[in-house]
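Visitor: Listed here are the chains, written in short residue letters.
There are 2 protein chains.
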Amino acid sequence: MVRKRLHDPVDGRPTVHTVAARAGVSIASASRVLNGLGASDETIRKVRAAAAEVGYVPNAIARSLQSQRTGLVALAVEDIGNPVYVAMMRAIEAVVASSGRQLVVHATGGHIPSETALLRRLANRYVDGMIVSPIRVTNDHLTAMIESPVPVVVIGQLREDAPVDNVRTDSRTGVGLAVDHLVATGRRRIGFVNGPLDTVPGAARDAGFRAALAGHGIEPDERLIEVGDFQYAAGRAAAERLLARATPDALLCANDLIAVGALHALLAGGRRVPHDVALVGMDDTELAQMMFPQLSSVSLGSAERGRRAAELLLQRIAEPALPPRREHVPPALSVRASSEPVAAGPAA
Amino acid sequence: MVRKRLHDPVDGRPTVHTVAARAGVSIASASRVLNGLGASDETIRKVRAAAAEVGYVPNAIARSLQSQRTGLVALAVEDIGNPVYVAMMRAIEAVVASSGRQLVVHATGGHIPSETALLRRLANRYVDGMIVSPIRVTNDHLTAMIESPVPVVVIGQLREDAPVDNVRTDSRTGVGLAVDHLVATGRRRIGFVNGPLDTVPGAARDAGFRAALAGHGIEPDERLIEVGDFQYAAGRAAAERLLARATPDALLCANDLIAVGALHALLAGGRRVPHDVALVGMDDTELAQMMFPQLSSVSLGSAERGRRAAELLLQRIAEPALPPRREHVPPALSVRASSEPVAAGPAA
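Residue numbers (the numbering used here), protein chains in the order written: chain A, 1402 to 1749; chain B, 1402 to 1749.
There could be a bad hint or two in this list.
Stated by the list, open to error - Examples of chain A residues toward chain B, derived with CB under 7 Å: (1) V1487; (2) Y1633; (3) H1665; (4) L1668; (5) M1691; (6) L1715; (7) I1718.
As the list claims (entries may be wrong) - So these bits of chain B aren't anywhere near chain A, every CB distance computed over 12 Å: (8) P1415; (9) L1476; (10) A1488; (11) R1491; (12) E1494; (13) Q1503; (14) D1581; (15) A1605; (16) R1637; (17) D1650; (18) H1729; (19) A1733.
Don't read these hints as lab results, they were simulated from the structure. Glycine included, every Cβ here is placed at the ideal spot set by N, Cα and C.
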């Protein structure tokens, strides 16, 4: 007599066959009920009772319990509207897809409570792992990351002793590349439009700007420095304030959204770019190439950071016991029309 | 004697207390193992055996099985890099968050196999519901949506008889609004830079453009119509081709990414906007306001469509038996500097 295979031959767990046999219904009926596809009340009652009795757990969830295979990887970024995260996401998507998984993206608005809540949600194992790019990592972030049953990789600044994989760039050096370039093209009155100084990116860029000026023997002129936020409208307003009180021959902007705002302020004020004022952004997003003139911009390797973070995550999913890894992606300057050298002499 | 509450008092299911008692370990130890937080091999073995014996299912997953509460809602869009989807996503996020759920976003690249695979994944109930904005809905899409155990709402074109909630706009009428405006400001040689005609958006815009011209007694000039793709670079190249062979006094572009490309082509070619050539885009994204001059653009109500779709989804999660709903969001034109009327007379 052929023994009907009622239990999973691999791990002996009850399967839909087990449930169907116990309920006295067909496999098809049991399957419909267990997948929530609807059936008669009587059938639903019988199948659910049988499932409870035999301890049945649906396959997808059993996989999630047994082998950490939700098949999903999460990415949490501050703002999907910032093209720098788009580049990062596309690179991550490519790596995740090649591993047969699906990427899910969360936008946190940069709100620490939202970020930490997401990290704590990992206790439910709703994904196989998560990549986060927080503006600032607090103790609450760290605790949630360490307690997470699935791996987390941080893109951005992280305490050296944090037992979490990390990929970072060096925006301080990146700002220096931009200043060096502007000085090399003959500019000396270099303005700087930054984001808030009480953020990690803002503070790093400010320090990098002052250090770079010092390296060229240029005294920082506080009237040439303005602070807003890392967004278009705030960048435009900050540039307008700066231009109302000073006459820079160049503007370095802390990201491309600010640079686009500064471009608007410059053109609306009748200044020509690069002839009157050179312009350089940061992040080297698609936006920089879409402008006219195209914007020079410092790449902080967003796509590369995403790619490496995704690879570190997949490695740790496969080998949880690896020591924490630290990777650095160097900045690079893309020079375009907005900061070209211009002929010496008075404006025409 | 006080009876220890070993089983869930609400539904009688085995709890971590049940498992701990069966395994002969503390609640804390049982909880650590069941949450994948690590314990001695012996403890892990005892707890897992006990869990299987009593038919324990972790709370989050039990909730998922019993009450469809993953607490997640998915949004699947073609391309996170297009700012029109950013606006839609932000509106959806607000509604989803107010219901206490978390939004997860998928970028499908507009690939039908990716879109249908995502819809089929819903069989695993990994989210409580999904909003999709596909470029084109095929029978495979429809089948997966109908078979999904959780609700799906479609933003975009959908067959009238499809038993799925739907929110759509009217891009054909939207194109008409732009043409009417350009004619009203004195333009007659209106060029049109579109996306592929074998897409639903491309076909609708082409039909709307020709109908609008006819309404004004203007014969379409095929040399003033060019087709590329719904992206910046393709839009720029298409505009360049058009400008190489014709002299429009206005360019209508099928979306803002194309309009930014057209702006670049116009400015690089020494043409002034709006003085020589007026420019109008579609989608009315943040990009339109970031340009100089700011771009007029037809809003297709992306944010409003997102908001309504999220509300329909939440309603259906609460009441699965509602009849399919159809909602329409009308287009509206935002007039900005790029299409201002200009004084009559020869160019200075």
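Visitor: If a hint holds in the structure, say so; if it doesn't, say that too.
Guide: Quick rundown of the hints versus the structure:
With its C-beta approaching chain B no nearer than about 4 Å, V1487 (chain A) sits inside the 7 Å limit, and its interface hint holds. Look at Y1633 (chain A): its Cβ gets to within about 5 Å of chain B, closer than 7 Å, so that hint holds up. Because the beta carbon of H1665 (chain A) sits about 5 Å from the nearest beta carbon in chain B, less than 7 Å, this interface hint is met. Taken as an interface hint, L1668 (chain A) checks out: its beta carbon lies about 5 Å from the nearest beta carbon of chain B, inside 7 Å.
Below 7 Å, beta-carbon pairs count as interface contacts, and M1691 (chain A) has one with chain B at about 5 Å; its hint therefore holds. Proximity of L1715 (chain A) to chain B is violated relative to the hint, the smallest CB-CB distance being about 18 Å (cut-off 7 Å). This hint is violated: I1718 (chain A) has a C-beta 13 Å from the nearest C-beta of chain B, more than the 7 Å allowed. Consistency note on P1415 (chain B): stated as away from chain A, yet its beta-carbon is not over 12 Å from all of that chain's, at 9 Å minimum.
For L1476 (chain B), the requirement that its beta carbon stay farther than 12 Å from each beta carbon of chain A is not met, with the minimum near 9 Å. Residue placement check: A1488 (chain B) does not keep its beta carbon more than 12 Å from all beta carbons of chain A (closest about 8 Å). R1491 (chain B), annotated as away from the interface, has a beta carbon of chain A within 12 Å; the closest lies near 7 Å. Interface exclusion of E1494 (chain B) from chain A breaks down, the closest Cβ pair being 7 Å apart, not more than 12 Å.
At roughly 7 Å, the least C-beta separation between Q1503 (chain B) and chain A is not larger than 12 Å, which violates its mark as non-interface. With a least beta-carbon separation of about 28 Å from chain A, D1581 (chain B) lies farther than 12 Å from that chain, consistent with its non-interface assignment. Non-interface status of A1605 (chain B) relative to chain A is upheld: no Cβ of that chain comes within 12 Å, the nearest being about 25 Å off. Distance to chain A contradicts R1637 (chain B) as a non-interface residue, since its nearest Cβ pair spans about 9 Å, not more than 12 Å.
Distance to chain A confirms D1650 (chain B) as a non-interface residue, since its nearest Cβ pair spans about 20 Å, more than 12 Å. No Cβ of chain A approaches the Cβ of H1729 (chain B) within 12 Å, the least distance being about 26 Å, so the stated non-interface status holds. The beta carbon of A1733 (chain B) is kept farther than 12 Å from every beta carbon of chain A, the shortest such distance being approximately 21 Å.
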